[in-house]
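Undergrad: Chain by chain, the residues run as shown.
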Amino acid sequence: MNRSSLIISWILQLSIAAIFIPTAYFKLTGNPESVALFSKLGMEPTGRYVIGFLEAAACGLLLNPNSAVHGAILTLGIMMGAVIAHSSKIGFSDGVFGYIAIALVIVSSAIIFIRRKQIKSIARMLS
Amino acid sequence: MAGSVDLHKISRFANLAIPSMAVLFFLGGHYLSFYFHFLTVTFLLLTLVNLFYLFIQKKHTLLRNFGILGQARYIIESIGPEMRQYLFANDTEERPFNRIERSEIYRKSKGIDAASAFGSQLNFDNAEVKIRHSMYPVDKADIKPYSLTFGEERGLENSYTITKPYMVSAMSYGALGEKAVRALSRGARMAGIAMNTGEGGTPKYHMAEGGELIFQMGTAKFGVRNDDGSLNDDKLRKLCAEPTIKMVEIKLSQGAKPGKGGLLPKEKITKEISELRGVPMGKDVVSPAHHIECVCKKTTVAFIKRVQDIAMIPVGIKLCIGKTSDFLEMVLEMKAQNIFPDFIAVDGAEGGTGAAPKAFMDGYGMPLLPALYSVNKILVREGVRDKTKIIAAGKLINSSRQFIALALGADAIYSARGFMLSLGCIQAMLCGNNTCPVGITTHDPSLQKGLIVEEKAKRIANYVHGLEHDFYEMLAASGIRDTKDIKIDQLYIPEDTALAGQIKALLNNPNL
Numbered sequence: 001m002n003r004s005s006l007i008i009s010w011i012l013q014l015s016i017a018a019i020f021i022p023t024a025y026f027k028l029t030g031n032p033e034s035v036a037l038f039s040k041l042g043m044e045p046t047g048r049y050v051i052g053f054l055e056a057a058a059c060g061l062l063l064n065p066n067s068a069v070h071g072a073i074l075t076l077g078i079m080m081g082a083v084i085a086h087s088s089k090i091g092f093s094d095g096v097f098g099y100i101a102i103a104l105v106i107v108s109s110a111i112i113f114i115r116r117k118q119i120k121s122i123a124r125m126l127s
Numbered sequence: 001m002a003g004s005v006d007l008h009k010i011s012r013f014a015n016l017a018i019p020s021m022a023v024l025f026f027l028g029g030h031y032l033s034f035y036f037h038f039l040t041v042t043f044l045l046l047t048l049v050n051l052f053y054l055f056i057q058k059k060h061t062l063l064r065n066f067g068i069l070g071q072a073r074y075i076i077e078s079i080g081p082e083m084r085q086y087l088f089a090n091d092t093e094e095r096p097f098n099r100i101e102r103s104e105i106y107r108k109s110k111g112i113d114a115a116s117a118f119g120s121q122l123n124f125d126n127a128e129v130k131i132r133h134s135m136y137p138v139d140k141a142d143i144k145p146y147s148l149t150f151g152e153e154r155g156l157e158n159s160y161t162i163t164k165p166y167m168v169s170a171m172s173y174g175a176l177g178e179k180a181v182r183a184l185s186r187g188a189r190m191a192g193i194a195m196n197t198g199e200g201g202t203p204k205y206h207m208a209e210g211g212e213l214i215f216q217m218g219t220a221k222f223g224v225r226n227d228d229g230s231l232n233d234d235k236l237r238k239l240c241a242e243p244t245i246k247m248v249e250i251k252l253s254q255g256a257k258p259g260k261g262g263l264l265p266k267e268k269i270t271k272e273i274s275e276l277r278g279v280p281m282g283k284d285v286v287s288p289a290h291h292i293e294c295v296c297k298k299t300t301v302a303f304i305k306r307v308q309d310i311a312m313i314p315v316g317i318k319l320c321i322g323k324t325s326d327f328l329e330m331v332l333e334m335k336a337q338n339i340f341p342d343f344i345a346v347d348g349a350e351g352g353t354g355a356a357p358k359a360f361m362d363g364y365g366m367p368l369l370p371a372l373y374s375v376n377k378i379l380v381r382e383g384v385r386d387k388t389k390i391i392a393a394g395k396l397i398n399s400s401r402q403f404i405a406l407a408l409g410a411d412a413i414y415s416a417r418g419f420m421l422s423l424g425c426i427q428a429m430l431c432g433n434n435t436c437p438v439g440i441t442t443h444d445p446s447l448q449k450g451l452i453v454e455e456k457a458k459r460i461a462n463y464v465h466g467l468e469h470d471f472y473e474m475l476a477a478s479g480i481r482d483t484k485d486i487k488i489d490q491l492y493i494p495e496d497t498a499l500a501g502q503i504k505a506l507l508n509n510p511n512l
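Here the protein sequences come in this chain order: U and E. In terms of this note's numbering, the first sequence opens at residue 1 and continues consecutively. In terms of this note's numbering, the second sequence opens at residue 1 and continues consecutively.
Calculated directly from the structure, the hints in this document are not laboratory data. Note that beta-carbon positions come from the ideal geometry of N, C-alpha and C, so glycine has one too. Hints may contain errors.
Here are the simulated DSS-like cross-link-like pairs (lysine-lysine), alpha carbons at most 27 Å apart as the crow flies [as the list claims (entries may be wrong)]:
(1) Lys283/E <-> Lys120/U
(2) Lys140/E <-> Lys458/E
(3) Lys117/U <-> Lys140/E
(4) Lys358/E <-> Lys323/E
(5) Lys268/E <-> Lys58/E
(6) Lys283/E <-> Lys204/E
(7) Lys120/U <-> Lys59/E
(8) Lys358/E <-> Lys305/E
(9) Lys297/E <-> Lys335/E
(10) Lys235/E <-> Lys297/E
(11) Lys458/E <-> Lys117/U
(12) Lys164/E <-> Lys144/E
(13) Lys58/E <-> Lys120/U
(14) Lys358/E <-> Lys204/E
(15) Lys268/E <-> Lys204/E
(16) Lys260/E <-> Lys323/E
(17) Lys110/E <-> Lys164/E
(18) Lys117/U <-> Lys268/E
(19) Lys271/E <-> Lys283/E
(20) Lys268/E <-> Lys298/E
(21) Lys120/U <-> Lys305/E
(22) Lys120/U <-> Lys271/E
(23) Lys266/E <-> Lys117/U
(24) Lys323/E <-> Lys305/E
Ranges between beta-carbon positions, derived for each pair [said to hold, decoys possible]:
(25) Ala18/U <-> Leu430/E: 31 to 41 Å
(26) Arg64/E <-> Val35/U: 40 to 50 Å
(27) Lys271/E <-> Gly60/U: 26 to 36 Å
(28) Pro22/U <-> Gly80/E: 44 to 54 Å
(29) Gly60/U <-> Arg64/E: 18 to 28 Å
(30) Gly60/U <-> Pro81/E: 27 to 37 Å
Kindly produce the complete structure, drawing on both the sequences and the hints.
TA: As structure tokens, then:
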């Protein structure tokens, strides 16, 4: 991992965190928009808390250099779920969240790619 | 094959099943409950990883053929060493030290009774050197306490006397982390024994604890070198004037990698290392295979003299024996020039190291017992045994092996790994990776955190105390009143040991 890709990785990590901090906060505090969204999915309220908690956890993992790659994997999982939700139930017409989800799938994949050597099981195998 | 599991078939099934499950859970998520999508996502990720293994990566055949199931092998293999050590390995089968040997040291270090029960787990009808006892054991009170003075042969004013036959063998700051060095040297001071500094340059952390030190001069002469790797007289003189430095050891070769130099990569040269070792930053430093000054027996012996003249304290050499004829020739040269090192440390090929190429660690050098016997024999035969002292090194971690070395002619014992074990080493074999789990051979602060210097120093002292206790018990059992009387006839040496072979070889050939 050279210096420039490390800087790129950190910019991407911070941008995910910048998105997740408010969204996790809104989910966990029961913001009406979040409640409406999860009602559409039939996951209100448990699913809202679970996803909110996972987003907060991903945020924490992403901000620590040793666990950033795992945070990115978690982000990828959450966002793949979000893309499924938008494409199958919610639709992309109201608001930007659907597009943000797609963007975050790409961003988190990029972090995983940059930091691929830090995935322990792979690192051990390649050594 | 009938009856056997066809893993290839299973993996093909798994490779199909994983994406199918993703589809299935997607349908579940769409029509039944959105919660199914947690599983959809999981299986989608697994599918992606599997596709990567099967079609994109090219390095691992197994993963390309079997996909994600093939990874199980790598995961299981990677925890193999731990599983074997914790669960499956016999008490007597691990190397370099098996569990019995290790636990003896742990017990001594913690000051608990190291007696064992029911019977020995070692073999008795095969090739192992054992110690003979006397029909008439003596009283421990009648045994003359051990004492050895280095440099007495030359009538040195600054001779060095030890009162316990043990010394901590060469371990540098660099190979070991700061805390381990401090714990070792503090423990050595508490136990009243000397510690070798290793070839890590000015032994700042060793000296910080105020114990008695043997300064090791490696082939790169870290700490006392000129830029071309030759000896800087002034630096050596200054260092030897330090009150804590009691002796100097010129390292000619090392048991774990005899005849091999080394390389200190520039990434490892921090500001501190650069200062302590006297090397520039930002440049790889080569440790040559031999001292620049020592290219033949003549120059080697002359170099010993030069260092002796500068140091004004006892100066010895450390070497691993390759050809005994080489050693014989050097002894003859010493006789010719009438120059003798104050001690000769014989390092067996089984000696330890932080890092050495496998071929050298496994394949090079003479094992300690035959090497030690040869060195002693040659010195006796040439009539110069009283001109120098012999120190033995190489897996001498327990009392019986140490006693065997003393019987073969050693005057004192070096051990490094014995003291590492007493420091808490669990033989994780990661000394070269900076990831030592018990904080000994690492500079990682988070791994050194658990090593409490105060506590571990006591362990070192306990270990030495335990060894010494055993030593006098064994002397009593062998009927020996003076430690200088431990002789080879004290040993039972089976026919087919390497030692017996060497004894025979020397007997039949006076040129060896």
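Undergrad: So, against the hints stated earlier in the document, which numbers end up violated here?
TA: The structure breaks hints 1, 3, 5, 8, 11, 14, 20, 21, 22 and 29; every other hint is satisfied.
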